[in-house]
Each structure stands twice: as structure tokens, then as C-alpha cells.
Amino acid sequence: MAKNEQFVPARYQPTLPLDKLIVQDGAAGAGDRMELDVVIVGAGPAGLACAIELAKLAKTGGPELNIGVLEKAEALGEHSLSGAVVNPRALRELFPDLQDSDFPFRAPVTKEAVYLLTKGRKIRLPTPPTMHNRGYYVASLCEIVRWLGTKAEELGVNIFTGFPAAQLLVRDRAVAGVRTAAAGLDRDGRPSPGAMAPNDIVARVTALAEGTRGLLAQAWCQWQRVPSENPQIFALGVKELWETKRPLDRVIHTLGWPLPTDAFGGSFVYPLEPNLVALGLVVGLDYRDAGLDVHVLLQQFKRHPLLAALLEGGEVVEWGAKTIPEGGFYSLPQRRAGDGVVLLGDAAGFVDVPSLKGIHYAIQSGIYAARAIFQNLKNAESLSRYDDILNKSYVATDLHRTRNMRLAFRDGFYLGGLQAALMMLTGGRFPNGKYRMHADAEVARRSSSGVRPGSAEHPDGISKVDAVFKSGNSTRDTIPSHLIVGPDVPAEVARFYARMCPAGVYELGDVGAQHAAPLRINAPNCVDCKATDVLGPRWTPRERGSGPKYKRM
Amino acid sequence: MKIAVCIKRVPDSETRVKIASDGKSLDDSGVKFVMNPYDEFAVEEALRRKEKASSGEVAVICLGPAAAQETIRTALAMGADRGILLQSDRIPADPFEVARIIAAELKSTSWDLLLFGRMAIDDYNHQVGALTAELLGLPCVTAISHLEIEGTKGVAEREIEGGIEVVEFPLPAVLTADKGLNEPRYPALKGIMAAKKKPLEVKPVQASAGTFEVVALSPPPDRKEGKIVGEGVGAVGELVRLLREEAKVL
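Protein chains in written order, with my numbering: chain A, 2 to 554; chain X, 28 to 277.
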């Protein structure tokens, strides 16, 4: 490929292996089989809220329900990562008898600031109306999830940590349950001593709350041909937790440097405690420069005077990364309920980018789904009731109001910012209609050699190797690769993967050598952020205990 | 075969532990607790013995706070039949006190086998199993890596410096498990469901401090920073010199 050539990532991306993901109930290959009333895939805020509300409904209005939540992380919360500033609205609805002070929040937001950064300088901006956070709380999603897990178990919910759902079990067009991933396979996929065969969990209703870029949610939408007006688009967030010597008393958001103007994103800096600061950089995966590296940009960002002063003498205690579904209203699947199945939280795309929030929508979608599931099991009402409740709720209204705001930034930072400002002034009415988006993988990338702003070749700060260590990742080295890489990946695309992946999973092979593959894959490094699933190699779940072990992310 | 396994709830080895403000205990907040890994070998061995005998009972005993019920449930999910929590918010620093409490619980039942982990990864004392055996007047083999049982006779192997020691002993006996004894199983889905319904008895105990007192805890000193001598063949000479003269390993 010559200098400044373009390529489209989708061309090198394997298709979703639907034949492997959708399996007839009763198909060979499973060990144990277990029957539940409801199986929920994913113990995040959406899945656990669903389990809690359902267990409460069953307790007061009968019949008794057997509810199970499958979670791929070895322990609750270890795969959960968010900023986060949380709107307590949905938690109040889930626990009407509790006060805000009972929730596992860290501190209320009292002061906030938004800055436009240039290299070395900062310009204070008025806080956009969507980004006002007074009355909300800084929190760690790991801690929220562990707390919700305890509440769910108190109500008799079965939580199965370390059991990743890998396949959908189906009967005709109905979802009948899930099959979990096998454990204890060697590099070639053969069982080693102590291996565990997949388990089949069949249930009357399956709730897919897998989180961002959910594998089974994607598979179901494709299999049942459930479209959305726009394809879902994603951002990649890379986050660090710091113990600082200096206290921080406000939540900070920044725009601008070190991002190039044709990338959408910004940073967040939140104090969990005065001297315990969560910070991160989020960049839309429709960035044009194939050399952009979000992890490296975050390292640059920390050298800005605004951050350098705060972090001086401090210590990074955790690191993590996760994608965020950013498409908003027009990217929601046209229906989030089908025969025996509902889609919740990030897996459905309930995130509002202009306010940078998704946790309360995830919890709220779990509550609504639980009510619909309960009516379905008790009175045989259709699960489409879930969609009806959602469409009439504040979740839909909020997302509709900001429906084009993120999308406007496909035109770059300045033009996008201008359009977004007009949308804000007109309450979402400007402009008429809908912005049409391409899937991130369809956006052409500039591939040029050399170091340019925003695509530094030499990482400063924390290396990707150290970053993976700080994520707590201690995945067994001998697991089979869980990533499906397309055939014939050229060196330019391999380099794009290597830059994109914040965990150093993809490394450029020795391109000069004969017969050398351009890509070396360190699969155990993967922290399940799903970025390459959006733009390149497909992700599948690994055995229990794999991936990061986040504690306070 | 009636088997008792004594387990301990300890901080996960991957947890970044912090010393509490009193300077002599660990700060519990944000710490993930797990079953002591050596105790997992003990639980697994007990389950295999019971399965081999195709009858009997595996009881799990734990001295610890209320939250240690979770640790016991893990053992029940693996397949143990019942659990007993000797509940105390403070675990004495003196291993003899711990052994005294455990022995008092164990002596009321006649066991064929009593299993412990070789040591707990939080305090590295290696003492509770052997002290309990002494208090109960039973033979004890520590740090076993292989076990055969025929009737009322057992043969255990211990990995010692440069070889393997083979020890014969009569049942009942106390054994402490080392790494290599077996590969502990993960709880199966059905095991996790079943564990919820298995009996778990909680007995409050009075733990006296014993004769030990923890005076202070301190973290290990920071490791000295590494040095990159250079790259390629040219760096070898300097590396050898440093290894010989500074590190003194050659």
C-alpha cells in the first residue's frame, strides 16, 4: 500500500459466525443441562436490576420464579467499567425504600468544569445543558455491581459467576436459553485434565444484558433480521484510576487536544475520593487516522498541565478499557423483545452521549424488562410489552431529544460542535430528519506512515504491557485464541489493529521476513473491550476467570 | 468415610492489600476474599476420597467472620455436604488458639480423616493442622502431595528437598495438603444451585487473643529499579561484567 492510501476496515472483517452462535436446543456437545424460569446473561447494572425487580414481583405477586444470572467474570464487577457519574433516578425506582445515602455511591457532584484543551493551554467553557451533573453522584461501577449482586442474592436470585454465555439455544424462531463456553481447553481447543464441557441453561425467557457490543444480542438481531434505522456506532474509552497527592474537588470534562479534529471524543476526570481520581479518554471508533491509538493519546493527555499538576507524585492503581455504544436513538434495534427474549442496557444501546450517561438507562431497562417478563410468565402477555413500556418512558424521550447530537460529529469537531449547539437550542428539532450514519467498520481510514499529531508511535507513560497488568488480567496463557481474524490482513490493517487495541493483543509481525504473518496475536492480553469486534477481528467469550479483574473501575 | 476439611477465608493473592491505620492489621475495604488455595486441595482430596468410597460425608469447618459463609458455600458448591462456621470477627494471631477452637469443634464427632491446607497464604504459619492433631491426639502428616488409603491404613508422599518421603499412618489422621496433591475442581452450575440448600450451621465462638500479639505490619521494601544495559551482541560484555561484579551471581 502506498503512502496516504485509504482502506475500509469492513473489507477485512470476518462476518459474525451465525451458524455457530445460534444452536438448536438439544444439539449435541453440552454437559449439564439446567432449567430455569428466567436466565439473564450478564451481571451488570441492567441484568442485576432485572433480576432484582423480577424477584421482588415474584415475592409479592407470585408465582415463585427460578432466576439465574450468568456472568463471564470470575467475580461480580470484575468486567464492569464506566466513568462514572450516575443519575440515581433508576436506583430510586428499584429501591423505593432506600435513600440515596444507602446506595454504593462515592460522593455527590458539587462542582464541575468543562475545558477546551490546546497543547499546553485550557479554555474554560460554559457547561453544556446536557452535561450538568449537580444532584448526581460519582461512583465506581464495580462497586455498584457488587452491591446489586448482594441485593439480588438476598432475594434468592442465583448468580453464576464464571459462566460466559457463548451460544443462543433456539426452538424454531424462539430463544430457549443459552449454552455456556467450555473451560479448560488447551491451545488447540482440546480438553485438558479438569476441563468442563459447555452447560445448557434453558429458560422460558432469556434476557440478554451482555453489555456493550453483546455477542448474542448481535446474533439475535441478525438472525431475526431486527434492523435499526442507523447501524450502532461505538467509542473506545480507556480509563485509569489514580491515587493522587493533591486533592480534586470537581468533575472535569475536556474536549480538544490531544484528539485530532476529525475524531469525536473527550476526557473525563472524576474524584471518587479527594485523592482517588478516575480519569479516561473516550474516542469514537469512526476516527479517520488509522494510526490513532487511544491508549497512547491518554498517556499524552496526562502530560497536559491541567492533569500533570494533579497527578504529580501520584500512582496509577488500575487501568481498563471498554467500548461504549454511542449511536443513540436511531441505533436502537427496532424491537428489543422477541419470542422468549429481551435485550437490555448497553446490549440494546441505551446510552445518551450528550449527557455521557448509560448506567441509569441500563438499570431502568432492567426494571421495565422484569415487569414485562413477569406478566409474560404469569398471564402469558407478550414480551413486546417491554418495548411498549420503554417507548413511552423517559429513556426513549431522553434519547430522542439528543437523537442527532453525536451523529453531527461525523462531520468533524468544529462543524459537529456548531450543529450540536443548534440542536441544543432547538430542543433537538434542528435539523429535521435524521443523520445517516455508516457502521464504524465502513468508515474509510487514512493509512500514512510517520508520526503525526494524535498517533504517536512511541508511547510515553504506561506501556500497554503494564496497562494489562494493572487491569488485573491473569488469563491462562494456554487458552485457545478467542479472536476470529480475517484472512489476508495486509500490514497496514495489521498496524491499525495494533494501534486500536489498547491491551496490546495485536502486534505487528516482522513484515520484512519471508513467510511471516503480519500479525502476532497475544489473545490472553484481551480485556474484553470489544474494540476490534467493532472494526476488525471478532471476539468470542473465553473460559471463566479470563480477562480483567477490575476492582474500582 | 467421614471427612472434615478445615478451610480459611483469605485475601486473594492478586489483591493489593493495604495496612490499616492502626499499623498492625490489613484494611479490608475493597479486598476480594477467596478460599485459601491450599485448602482447595484439601477440599478436592476429601471429595475424591468420598467419591472413591462411594459413601460417607464431607463436612467443611471454617473459623472466621459472618462473610466466611460465602467461602463455605464455595466448598459446598464443589460438592461438600455440610458446613460449620465458627463465627468470630477476629481470628487470633496465635495459631494455638485457632487450633484449640477447631479441635473443640472436631472432637465431638469421630472422623476418619481430617484435612487442612498446608498453610494459609495470609499468615504463612503452617501450624494449625499439626497443632489440632496434637490436641486431638491423632497422627499428622504435613504437606502431602500424594495420598493412598487402604482400609484403615494410609500412605502419603511428601516432597522434601531433593526427593520424596513416603509416610505410612493409621486412620484416623490429620493431613495437610500441598500443591500437586490434585487439581481442584470448579463448582458446576448444579453444584452452585445445590449448595444453597445444603446445611450451614453458624456457631458463635469466643476467641481469646492467645499469647501472640501482632506489634506491627510493614510492606516489603520497594524493589530496586532494573537497569537496561544495552541491546544486541555489543551489550553482552557489559552485562557479564555487571552480573559478575555488581550482582555477583556469576
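Keep in mind that a hint or two might mislead.
[As the list claims (entries may be wrong)] Below, a list of computed lysine-lysine pairs in the DSS-like style, where the Cα atoms sit at most 30 Å apart:
1) X:225 - A:471
2) X:224 - X:254
3) X:275 - A:60
4) X:45 - A:471
5) X:225 - A:152
6) A:246 - X:224
7) X:275 - A:152
8) X:59 - A:152
9) X:225 - A:60
10) A:57 - X:251
[Unchecked claim] Part of the chain A face toward chain X, derived, beta carbon under 10 Å:
11) 124
12) 184
13) 186
14) 192
15) 195
16) 200
17) 545
Derived by calculation from the structure, the hints in this document are not laboratory data.
Where a beta carbon is used, it is the ideal one built from N, C-alpha and C, also for glycine.
So, going through the hints one by one against the coordinates:
1. X:225 - A:471: violated, 38 Å
2. X:224 - X:254: violated, 57 Å
3. X:275 - A:60: Judged against 30 Å, a Cα distance of about 70 Å means the pair is violated.
4. X:45 - A:471: holds, 16 Å
5. X:225 - A:152: holds, 21 Å
6. A:246 - X:224: Judged against 30 Å, a Cα distance of about 49 Å means the pair is violated.
7. X:275 - A:152: Violated. Residue 275 of chain X to residue 152 of chain A sits at ~57 Å, over the 30 Å cutoff.
8. X:59 - A:152: Given pair residue 59 of chain X, residue 152 of chain A holds - Cα atoms ~18 Å apart, limit 30 Å.
9. X:225 - A:60: holds, 22 Å
10. A:57 - X:251: violated, 55 Å
11. 124: violated, 37 Å
12. 184: holds, 7 Å
13. 186: violated, 14 Å
14. 192: violated, 13 Å
15. 195: holds, 5 Å
16. 200: This hint holds: residue 200 of chain A lies near chain X, its Cβ roughly 5 Å from the closest one there, short of 10 Å.
17. 545: With a minimum Cβ separation of about 7 Å from chain X (threshold 10 Å), the hint on residue 545 of chain A holds.
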